[in-house]
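Novice: Since the structure of chain A is already known, use the hints to place chains B, C and D with the ligands on it.
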Amino acid sequence: MAYQETAEGHHEHHHVNYWLIFIALCICTAISVVFDVVQLDRRLIAVLVLAVAVAKAQFVMRYFMHLKFEGAWKYVLLLPTAILACGLPLALAPDIGLHYYRTDVPQYRTAMREGIIPNEGGAPLEPEAGHADDHNHAGGDEGSHQE
Amino acid sequence: MKRFWCTFFVFWPIMAVILCWVAPAQNWWFPRGASGTGAAMSPLGERIDDLFYMILIITAVTFVGTQIGLGYVLFTGARRSDAPHGAEDAEKTWFTHGSHNLEVMWSVVPAAVLLFIALYQMEVWAEFRVKDSFPDEVRTGPIAEVTARQFEWRIRYPGLDANGNPLELMPDPQPTDLYTVNELHVTSAEPVMIWLRSEDVQHSFFLPELRVKQDAVPGLVIPVWFEATKSTDYSWLCAELCGWGHYKMKGRFVAEPEEDLREWMQELQNEQMDDGVPDDVGDSQVAD
Amino acid sequence: MSIATPTAEASHDGEHHAHVEDKLALLKKIHTFSTDHKVIGVQFLITTMLMLLVGGALALGVRWQLAFPWESMPFFGSLFAQQGGQISPEFYTMLFTMHATVMIFLVIIPILAGAFGNFLIPLMIGADDMAFPLLNALSYWFMWPAIACFGASFFFGGGPAAGWTSYPVLSAVQEAAPGSGMAQTMWLLAVTFVGVSSMMGSVNYMTTIINMRAPGMTLFRMPLTIWAMFITAILQAFALPVLTAAGFMLLFERTLGFTFFVPGGLVINNADPTTGGGQPLLWQHLFWFYSHPAVYIMILPAMGMVSDMLACMSRKPIFGYKPMVYSMAAIAGLGFIVWGHHMFISGMNPALGMTFMVSTMMIALPSAVKVFNWIGTMWGGRLQFNTVLLNAVAFVSMFIVGGLSGIFMAAVPVDIYIHDTYFIVAHFHYVLFGATLFGVFGAIHFWFPKMFGRTMSETVGKWHFFLTFIGFNGTFFPMHLLGVAGMPRRYADPYLHPYLEHLLPMNQFMTICAILMGFAQLLLLGNFLISIFVGKECSDNPWHANGLEWSAPSPPPHGNFPSVPVVYRGPYEYSDPAQPEGLDYWPQTEPPPAPA
Amino acid sequence: MGLPIPNSKLGMWLFLGTEIMFFTAFIGTYIVLYFGSPGWPTDTHVTHISIIAGGVNTFVLIFSSYMVVVAHEAMALRNFDKAYKALLVTFACAFVFLGIKSYEYYGKFSHNILPGQIAENDEQAIDKVVQESEAASDEWLNDLVPGDGSPERIHIKQLAARNVAGAESELTQVTQQLKDMDGASSERQAELQQREAMWQAIVDNKAQIENWVALDAAVTKLRDDVSANRLTMEQTDERLTTLQADERFASHMAAVHHPHPILYGNLFASMYFLMTGFHAVHVVVGMILFAIVLSKGARLSEEWTDWVENSGLYWHFVDLVWIFLFPLIYIIPGFDRGTPGH
Ligand code: HEA
Ligand code: HEA
Ligand code: CUA
Ligand SMILES: [Cu+2]
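Chains as they are written, first to last, in the working numbering: chain A, 1 to 147; chain B, 1 to 288; chain C, 1 to 596; chain D, 1 to 342.
Hints are computed from structural coordinates only; laboratory data are not their basis.
You can take every hint at face value.
Derived DSS-like pairs: lysine-lysine, alpha-carbon spacing no greater than 27 Å straight-line:
(1) B/LYS2 / C/LYS462
(2) B/LYS2 / C/LYS536
(3) A/LYS68 / D/LYS82
(4) C/LYS29 / C/LYS536
(5) C/LYS322 / B/LYS92
(6) A/LYS74 / C/LYS322
(7) A/LYS74 / D/LYS9
(8) D/LYS9 / A/LYS68
Over 10 Å on every C-beta distance to chain A, these chain B residues come out as not near it, computed from the model:
(9) LYS2
(10) TRP28
(11) GLU91
(12) LYS92
(13) VAL108
(14) SER231
(15) GLU271
These figures come from a predicted structure and were not determined experimentally.
Virtual Cβ for every residue (Gly too), placed ideally from N, Cα, C.
Next up, chain A with everything else stripped away, as it sits in the complex:
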């Protein structure tokens, strides 16, 4: 609209050495690949790798996307988004990531059989032989899945 005169003046030049930023990003990438090779506690590595990712995101957003030079609106837009983006997985975690109620699905039984999780439900671990298909049982036995 005519009185939206404010649009001008955004072409002014900010002196950023984009090449340096690019190098920094490459180094970050290399670091995360190195993390993959060294043997550290995996939780620690996960944190480190994600920290590197955040650092990379910082570089891209601040310099490539020019957020460093934008007004305060960037906070108004990005803070709520960031909060929601972190909040959603957090809110999903208690139900999907952890399980309050006992889960009984074929995958859990396999996992118990292989010792990945303790066999808490006391379910039999060996697949039952033969045809057990008339067990009206959700995770009842693996054998019937082949029918």
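Specialist: Using the frame of chain A, we list chains B, C and D with the ligands on its own:
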């Protein structure tokens, strides 16, 4: 006409209040089923009802209050609207942009009320759902496993030992297990727990008279406990849309004294163990 | 009824009467791909009003079955004929699923954001059009693939069969609802299309409101309608993508063998056991992450418009303008963290349930502030008892009922009992129809003169209001009682259960009221359509309102304002004693008197 | 009134806000499902996740992002020639990215790591071998004996092929019947012609058919042994290896996958394809945005500055998403490769 509309807006809340007032007498209230009065048939249900009535009183007061306020501003506003703009002081429009004190007041008071409701109810909720708050009686284990499927309930009980006492219910089917379809018998002597699971889609285990409801989620085994205070038949239905037959997914829920329950289970056991193929009977009883 | 009654004499405020506008200007372009926000608004308005009839007709099908179970339905039954017009259980499921879908995705959301958002935003902030007119037009035309897909889902197979909430496993595995086949897939596609449409709209609205306000239109001089539209757009922008994402996941699960929501080992309808590794609760979380904010998307714009109408018809400033704005913002903010209250009974972690319960309780707070401020606005005003005011008051009155019933459900232990009963159905019809639709009816009457330069018939409007109000309360108030009586929702035949048998007469009464209410809507449609041609001609500012839109000609020409409007004050300066000419309104564009 | 940025840029930023939420839904889902699924596949040999490919792709995207800022800067300085070249490089990078991505996808396809197709435990894996072997055998037979490939027809063909020794006499018999027939229903005639063609093909391909019969016997035995629960997964695998080594039918059995159960493999594959797939779609959209500018060629001018800036913002966002997908998909799950579970 203005008076008519004012009356109209006052009339309907009055009707609403009257309707709610007469509803219990007209049997438009909690299901009378087993109790005859509509009272909840379980201790926990009674507490839920108490909570319901408490909220009913709070909301009724709010409702009546706001509707009176609305009626008042309508009547006075109607009178004033006859007066021209800039009339005598008494008839003048109240030129105001609001009041800070009022805003604070009507934020703080509802906040307090709401916070009170929120905190007050937590205990009931915890008792019903949080495993650590379950009553001691049900911690010993479930008395049956109820599996929902389109469109029926399948129940697996542990079998009886030589003395006629129920065995422990194992997570997986045992040869000794007893099966029924759409018929759940429990004791009315103490709280009992079931394992609830679903074999296909989501269902919901609903005992209206006991005020019990819990969804059966595929993949999860959810413990549900309840206590029926009277030995009788109760309604039992499915409350989560599970397909075209959702509405007809009902079962017979019987609470009975311990002895009757034993007797019934013994009968069930005899019936199921009696046809000569010991290891297979449980299954064939409930085959498709 | 003095000043605020629309009158033909336009001499008093005849700013723009040099040119005689073509009153049908907007209507004439309705079939074209116009990028003018007003045309798009009218396109949305008329489309959604027709959809209201479709959705309502489906509701009448539901009501028929509940009142006369398994008896042949006149007219409708033969349309979708199954066994001599009889409603089968599958058909019943399809009826309420499509009823809700049409009402929510094709009526309420597009009529609020699409129709009124489009028409009002540029006019009220003094812009010549939206920021992205082409995108705006696309957002309307993207409704049509959605409508086509929804339409197709009636005919491909027996119709979607999982309710509007579409919970997997029922919606994800073909065998679980054999009849739904392609229909459920079509339904998901359609939801994606409306999602895209709303998305384009919301980015556009936000940009327009942030960047295109007329000089002097500071944030706190914006009408509450604009604030509401703005906050709604934000809600849409951040909640809707999650539904779209979840929709894609369900679509792939249904068609391509992906797995997210269906766990392994389920034996559905005697088919082979499922092999997935998903979790059903995941969908519910993602769905409600959108759909709870969506219920506020479905009411905030109406709240904003009602505020404008109430102030104008009470000839009084809004009581507590800033608290109104803040409470809308609070509703939006809290609205993002309460979605779990739809899942109390679904097997969610009980501790999570408690958290959601507290936040849900708290969201009643800003709503309370709004209710009291509306009453405060009318308090001591000179109320103009016209159709606009009546509908706006009905909004407030009905919203209180719907909101208060929400408190019962927010209390988790009580929700154990009333979840998935008709108490819920009563709750959301009170907020959705009782509040939002009455607000919309008021808005239609209020802004109709701006669209077509004529007013709608007051008499018909009042009859429509009278009948709808009676029919509405007759239909939905008793639902609270049905809910307390334990009648589950989504039941094709509740009377199969002995403890519900005696509720049949009550249901029949409700159905009669519903039919009454349904036919009342024909009055509205008739009044709307006929008034476009023969309504009383009126001035540009028939209600003597302050908003910028009233300073433009009716209907506003392309580009809206003859010259860039300049804003000098907020939109609610009614009955200000300082008004130099002694008028009871003071348009936002009127320059203040020169200091003496 | 408003912000000191053009509408298009504000709109793009707001749109990116919605995009963040869109990917949040996917990534959040992935994270919680990962933790909620004990035994999620982390062994890169099993999942065929290649950190090298992911790392190179990260580099390619970062470089393209860099090229976009170069292009934007050049546009602002009115150096349109430079901008054009930089955009061309960006476009090429996008192409390379998609190329590497397709290579990865190809790997998944060839190992049948596809949603809904993965066996999650030994039983399912064994079963899958049987099914695929049967399918391979059927397909071969169908090639040898042309015509309708419906299950019923295949069954008839199988019966006939097993009788390869008597094929010649059967053929003469059918030919004779056809000759003798006159005035009979054309349906019967068509049926006989079909049979004649079948026997003819069997006679013509006698040597091959005999090979097929051998395979058929082996597969049938495999199935019987499996359903009698006599085979472990390793044994099944051995059998399959033997069959595949047999030169008579090696080429036909080559497509059968070795038993390869992946716990939660379907969920893993679903998440993998969902996230990388939608990311790839975004890459394609970005390419379209750049293609529009590039199509201007020498006519590229100042009025495209905003366009380049905004598509640049979009492109950086695509890069950002990848910056998070890379550790989440490629690195973190791969830590304890070799050990089962986590
Ligand atoms: C416009 C739509 C809209 C609105 C505004 C609301 C508003 C609210 N809703 Fe509603 N809701 C729906 C639409 C809406 N809802 C729909 C469609 C469903 C069902 C979906 C489905 O399952 O199909 C639903 C379901 C639903 C549930 C799930 C029930 C269940 O399935 O078991 C719950 C539970 O907490 C709930 C709560 C609330 C609350 C607390 C509010 C609050 O925002 C209300 C606040 C308002 C007031 C409280 C009134 C005014 C206040 C005062 C007068 C002040 C004083 C008050 C007190 C001190 C108490 N709603
Ligand atoms: C904005 C939303 C909205 C609106 C306006 C309505 C309006 C109505 N709804 Fe709505 N309803 C929902 C949203 C809405 N509903 C939702 C979300 C559900 C939940 C679905 C689910 O469980 O998944 C639901 C479920 C629902 C049920 C519960 C079904 C069940 O659980 O089994 C019932 C039952 O009475 C019902 C009835 C009605 C009625 C009678 C109206 C009336 O107000 C309608 C009035 C009628 C008209 C406005 C139409 C007038 C038309 C004509 C006179 C005919 C003209 C003819 C042609 C054009 C062919 N609805
Ligand atoms: Cu089972 Cu509804
Ligand atoms: Cu909600």
